[in-house]
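Protein chains in written order, with the numbering used here: chain A, -4 to 438; chain B, 234 to 677.
Don't read these hints as lab results, they were simulated from the structure.
Cβ atoms here follow ideal geometry from the backbone N, Cα and C, with glycine treated the same way.
Careful: at least some of the hints might be erroneous.
Examples of chain A residues toward chain B, derived with CB under 8 Å [as the list claims (entries may be wrong)]:
1) M152
2) K155
3) V156
4) P160
5) N182
6) F184
7) E185
8) N194
9) Q198
10) N199
11) P203
12) A241
13) A244
14) L436
As a list, the in silico DSSO-like pairs of lysine-lysine whose alpha-carbon atoms are at most 27 Å apart [said to hold, decoys possible]:
15) B/K609 / B/K544
16) A/K201 / B/K619
17) B/K378 / A/K354
18) A/K434 / A/K375
19) B/K544 / A/K201
20) A/K391 / A/K434
21) B/K608 / A/K201
22) A/K375 / A/K155
23) A/K170 / B/K524
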Amino acid sequence: MNIDVHSGAYRCCDGVTRRSFLRTGGLMLGGLSLSSFLRQKAMAEAAGKATKDMNVILFWMGGGPSQLDMWDLKPDAPSEFRGTFSPINTNLDGLQIGEHMPRIAKVCDKLALVRSCTHGDAGHESATHTLLTGYKPTNDIPSNEAPSYGSIVAKEMGPKVEGFPAYVTVPTAPKSSLAAYLGVAYNPFETQGDPNSDNFTVQNLKVPQGLTLDRLENRRAILSHFDTLRRDVDSSGLIGGMDTFAQQAYNIVTSPKVQAAFDIGKEDAKTRDMYGRTTWGQNTLLARRLIESGVRFVTVNVGGWDTHANNFESLKNKNLPQFDAAFAGLIEDLSQRGQLDNTLVLAWGEFGRTPRINKDAGRDHWPNVFSVPMAGGGLKRGIVLGESDARAEFPKERPVSPQDVLSTMYHLLGIDQTKSYVNDADRPVPILNYGEPIKELLA
Amino acid sequence: MKAFLADQSEDKRDRLVDRLLDRPEYAGYWSNQWGDLLRVQRHGQNTLKAGTFAFTGWLHDAFAQNMPYDQFVRAILTAQGESAECPPTNWYRWVRNTVAMVNDSSELFLGLRLSCANCHNHPYERITQDDYWGYGAFFARVSVKRGLGDEQAIVVKKDGAVNQPRTGQTMKPKALNGPEYDYVRGEDPRQKLADWMADPKNPYFAKAIANRTWAHYMGVGLVEAVDDMRVTNPPSNPQLLDALAKEMINYHFDLKHLMSVIMKSRTYSLSSTPTEQNKTDRQNYARYTPKRLSAQALLDAVDQVTGSESKFEGLPLGTRAIDLPDEAVPSYFLTVFGRSMRETACECERSYAPNLSQVLDLMNSPELQNKIADKKGRLNQLLDAKKSDEEILADFYLSAFGRNPRPDEMKDALAMVAGAKDRRASLEDFEWMFLNAKEFLFNH
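Chain B extracted, bound-state conformation (with noise of 0.2 Å):
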């Protein structure tokens, strides 16, 4: 922090770009953001951690590695094996049926809500029943077995054909829009699918995951919301989400290439503050959009500022919140923060919306206090190593605002200590100032 402030270069945001996406971080947030949405959840059976920690751990690595989200998503939808050696066959833990095997993998990697074709044609779309279990035939094969122990494996049959469910027709494989494929004995149709959706003419694959990304980043989709991309529902500025889908495709589905290209963009290093021109603008992005962290995000940050570790039932010490394995490792923290309980594939399940509880737990709760009070927390070891009021200060403004204080800030912060009948009281005061202001709370 302290090197780039000092940093004259005028390239010098773009390499921090570069270097935090590079930073261990970046594959457990990302896997804890994929993991509420690919529902690793253990449904309050302990029996199921297994499951859980090995895909969580497989997203893990995905994301460390950088895997191209084409092969991403192949590995996903087509996971075959004992859910131990191939962890995303975890997926189909909770994705059991055709029905939410074709809501759940076009809602997240085609940005489509199919479920009303389900069992009519669309009222508003051109999406027919026999194109939603056309798509289902992809699925026909997949089985569900008792694996080992507990846990389950994913088996692909030999045979297998889907029926619509209102004509009893059978349907061949069809991809949306695309093309029809026969049913080959011994044939898994889910790597056709796959193919489709990797193919670089296919309209939906490239632009829902620019979309997501995009809204990931900016607070608001291009279309919103990300996975109800449809006709009566167009995107804000089809030409940039065209330009980043294109872009998706020209780097072979690199997500750090599309992350980077969002994050050194100036749309998005523009400030929040409003001006007469744009306080007006929700969703054309003339201004920075605030967000409040991620309750995962949020608890690592208040341990980070702290210099407090949380303690996770079940896990070692020093486990962050973003690399939590599943929605059921307990903390008050989290749940009133709103993390995904992982029960839908929706970004929405997901809350950054204040409440009451939040703003009880920051001002008032034990743990923040003691968080503070530890003795080998970050103003504990400040005071021992015989920092100056001064640089104590400066050292907090750093580590939680990410930036150094003004002038008069500090010549305010200064006099209170000073005039404060115990110091270290007075610098708790403070520290407790940071983690409840509203500048930390929120990405602005």
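Just chain A, same shape as in the assembly (with noise of 0.2 Å):
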């Protein structure tokens, strides 16, 4: 195969395959080292040995929550920065967290923590684009540039169940969440509305009242004669995409299976009570059920946390609460339900917090070093790698990029990262253009 690069009027969304990539790779990526080269030769072929069938759940903690009031707190730091919350012991020896995330201090023995995260851009928009994507964009104020990974696995996995969508959001999606150059049809299905209020569905899932299964079928026989608008009229994809949304939604219409795995009222009360009777709590088990069911990817978004002002009211009273059930919740869940294993579990936003307090008792954007929680899909278990200086303001010991974790992830799912998708401007672009598996953390 070679890579056509003015390939006709369709966006090409098929993969160039390593083979491919190895041909083309003197021409199109003219400036790599031999040495990085044979680096990513070697991680070519070290993915795709996945032997599970794995998922991820992804929280996205939009706004950057605080790395020193959850997960890194130093209790030893002057007061300007160490702020209110005293430190926990855990069940994994030797590591304490923030006293308001109890029910995690409980799971810590499973969980792969990164205490050395690090990356350098402060604007909201910029960096949840790089941690949503791996890349960051061109602009500060982007549009959607690159994939997000979730459309990656989804292009890349399919659904895990035939007739399920490959990629979901609960409630909605992120900025920086959509397919850019993969095409429409790996964005994500967002669920929206609230799972914690009684009268929650997602909408549409099911044939309404007064029709019937064949009479949709018999809708969608004269729809495909009648509606003769050619496909190539449109060289952007999107006329395509609403093909294979088409498809899709007959497959969830059709399917009782899907439907049910979309009711969470489904769920026994005392699972229910486990993550939490709230928003996010809720959400969190949904992920779990769709997950469990035959979705690929799940991001769970939990926004909120670009605490200026009031860090520690907000956190205490507000987020920590939530997010301290929905996570333990997932964790003990999926843990008792032997799809830990085979679930990789991340939670991010796109920076931490300042060290220093601000005068609102708040604290800033802060991306030099931040903590990453992860478990599961083959991560050791009960591991904390890499450590923040005195203040938690740099790392002190094994900086670790976002792409590293990215990495991680693609390498637990078998995806081989330096495969290239062709972007809008015809050119290959591999999945990832630099990170490296964490090695300490893998199995």
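Combine the two chains into a complex, taking the hints into account.
Structure (structure tokens):
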């Protein structure tokens, strides 16, 4: 196969294989040194070895959660840094975390915690783009230039069970979580609504009253006969995407199994309590239902971490009680169901927060060091990697880039990160252009 | 529609463009588009409703009267007073500090993204931090005060200056690559900014609106994105952009004139059907670029085809989606079809991309079934009027696809309806087909 850089009217959605990457590498990636070329080649060969049918649940903590008040407390730092929270012991020897995550403290033996993640971008929008796609955008007000990793996983692996959407965001998609040049078909499905409310349903999954499946089938037959607008009038893939969605929609409407997966009312009260009867908690439980049933990648969108003012009050009263129950509930539940080894859980936002507390008792943007909790999916259980300095300002040991975290994810999923997709400028762009799996965390 | 199809004269298309620009929906459609960019937003606070309603009403009037674009911009930039009395002051509701005023006004009206230069000289362009804060100095005297009730008022202070944050130097108001002004006590420097923008010699202003309008109709800007004009992002056709900008200046910023020039052009009237020669083109307008209807236009079109009105909370029945006053009126349809939440001054916040939720909604929502079955809807009216199958189908072809059916289409459709057990159900199935067809959903 050759890369056809002027590949007709359709955006080329098909990936470029490793073989064609090797063939054209000299031409397309002329600047690559031999050693990094060989390393990438080795990585390409190492990938694809995942033995389990893997899934991902991402907690997207938009705004940027505070490393100092959750995962990396510095009780010995001066008061203008350490804040008002105390550290508590966890069930992992030697690890302490913030006092307002007591349930998480009881599942730390299952976590892989990185305390030295770092990047240099303190802007919400651009850092969000980097942390959700692996690519720093070319503009500080970015459009979704590169595909989100949810979209890449959807494209590479498809749904776990045929008939399910591959990529779902509960309840809504954060900015930069779209498919970009992979094509709209790999955008996430948004559940909308609040699963913690009594009358929650994901809309339009069932044939409405007064209609039958036979009737819908008949309507589809009429549509395919009479809707004659040619797909090729549109070179951007939007119209083709519409056809893909029509098939997916039909699969959902005709499948009680898919409908049941979205029906959180089917969970018993005890399980629902375990995640906390909050919006975040129930969204997390919905994510677990979806993963277990057939979805591949779910983003749980838990925003509101941009605590420039009243950091401590809002964390203590609002964010942390919800997050503690949701995150710990998920880890406990996955573990009890034997699903933790084939589900990678990752929780982060676009950056951490300033160690020095500001005049409004808040913390500002801080990308220089922050913590990233992960679990499952073939990671070691109960491990802390990396260390920040005395005031949690910079990495002291083993700095890790966001791309390293993503590389680890792709490695666990068996996805070759050197594989390229052709972007809107007809240029092949690898899934990641740098970053290496974090070896210390791999089981 | 029927009259247009029957009209045999050569200039019928041009006359249609003129008629459409004079329709009342023009003002609703464009106030909705600009409402997105000017951030007419309640942001969850119902007490701000008076302001958003007033601003939307003002925009509506401005477009209905075809207010010249330079005056439109001046009214917004230099707004002062109580928000109810001077509705454009509501622009300053979410554009509250100097940085936001510089960024939003330059992106909207000059097509320039200056935000990099807020903190440092622009790395690639010839915009310095001094340029940024010199531009910011035009807004030095704007002050947001508490107004009547929950409202706000924009007050212009007699004095006031802006300092460059890095050097601490007091900056005089200075236009980008343009004149510098002195502060005069009691004078509002924003007037100078508006003067400079509307000056025919301004190198950005006319081009920015010409490009924005062209991009709206053609699907892709001569410069893309429309708020990112810079030396390193040149127009795909500079002569055309210059010509459109000149047209804007020569016709005193008459927006309807610009739109009519674009819509009457051969380029705009090209078919989207690809040929061997133009199938790969994405930026040279060798053929029309199909675009899905915007969320609001699509909902109104669904209502028009079904003959069934949507009811929006807190607004009278008969209110169209394009006439909604702000982003906060609840509508699942508008949300999943990508309406803008009006958080930024970027066109990109409104989405035209299809997704699974949209298809599920059209295919399978109780709301759409109810519209099709509406007792007062189009189908029931046609049935009550004892129209034949052929008349009913032809009516839907016109209202949904904007064309007459081809003979083979009509033949097949008639055979299907005639062969069905339940005539009404079969015609409902056809109505559903029209609403789900790509030919209906996309401008093509």
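Hints, one by one, checked against the model:
1. With a least beta-carbon distance of about 18 Å to chain B, the hint placing A/M152 at the interface is violated under the 8 Å criterion.
2. For A/K155, the shortest C-beta to C-beta distance to chain B is roughly 17 Å, which exceeds 8 Å, and the interface hint is violated.
3. Nearest Cβ of chain B to the Cβ of A/V156: about 16 Å, over the 8 Å cut. The hint is violated.
4. A least Cβ separation of about 6 Å between A/P160 and chain B falls short of the 8 Å threshold, and the interface hint therefore holds.
5. Against a cut-off of 8 Å between C-beta atoms, the interface hint on A/N182 holds, since the closest Cβ of chain B lies about 5 Å away.
6. At a threshold of 8 Å, the smallest CB-CB gap from A/F184 to chain B is about 5 Å, leaving the interface hint in force.
7. A least Cβ separation of about 6 Å between A/E185 and chain B falls short of the 8 Å threshold, and the interface hint therefore holds.
8. Violation of the interface hint for A/N194 is found here, the shortest Cβ-Cβ separation to chain B being roughly 14 Å, above the 8 Å cut-off.
9. Residue-level restraint check for A/Q198 holds (minimum Cβ-Cβ distance to chain B is 6 Å; threshold 8 Å).
10. Because the beta carbon of A/N199 sits about 4 Å from the nearest beta carbon in chain B, less than 8 Å, this interface hint is met.
11. Using the Cβ-Cβ criterion of 8 Å, the hint placing A/P203 at the interface with chain B is satisfied: the shortest such distance is roughly 4 Å.
12. Contact between A/A241 and chain B, as hinted, is supported at the beta carbon level, the nearest pair being about 5 Å apart and thus within 8 Å.
13. A distance limit of 8 Å between C-beta atoms decides the matter here; for A/A244 the minimum to chain B is near 4 Å, and the interface restraint holds.
14. The criterion of a C-beta within 8 Å of any C-beta in chain B is not met by A/L436, whose closest approach is roughly 34 Å, and the hint is violated.
15. Distance restraint check for B/K609 and B/K544: the Cα-Cα separation of roughly 15 Å lies within the 27 Å cut-off, and the hinted pair is therefore satisfied.
16. At most 27 Å may separate the alpha-carbon atoms for a hinted pair to count; A/K201 and B/K619 exceed this at roughly 34 Å.
17. Only pairs whose Cα atoms come within 27 Å are accepted, and B/K378 paired with A/K354 is accepted, the gap being roughly 24 Å.
18. Under the criterion of a C-alpha separation no larger than 27 Å, the hint pairing A/K434 with A/K375 is consistent with the structure, at around 10 Å.
19. A threshold of 27 Å between alpha carbons decides the hint, and for B/K544 with A/K201 the separation of about 23 Å falls inside it, so the pair holds.
20. For the given pair, A/K391 sits about 19 Å from A/K434 by alpha-carbon distance, which is consistent with the 27 Å threshold.
21. The hinted pair formed by B/K608 and A/K201 meets the criterion: a straight-line CA distance of about 24 Å does not exceed 27 Å.
22. Restraint check for A/K375 and A/K155: satisfied, since their Cα atoms lie roughly 24 Å apart, inside the 27 Å limit.
23. Between A/K170 and B/K524 the alpha-carbon distance is near 22 Å, which keeps this suggested pair within the 27 Å criterion.
Violation of the numbered hints given earlier is confined to hints 1, 2, 3, 8, 14 and 16; the remaining hints are satisfied by the structure.
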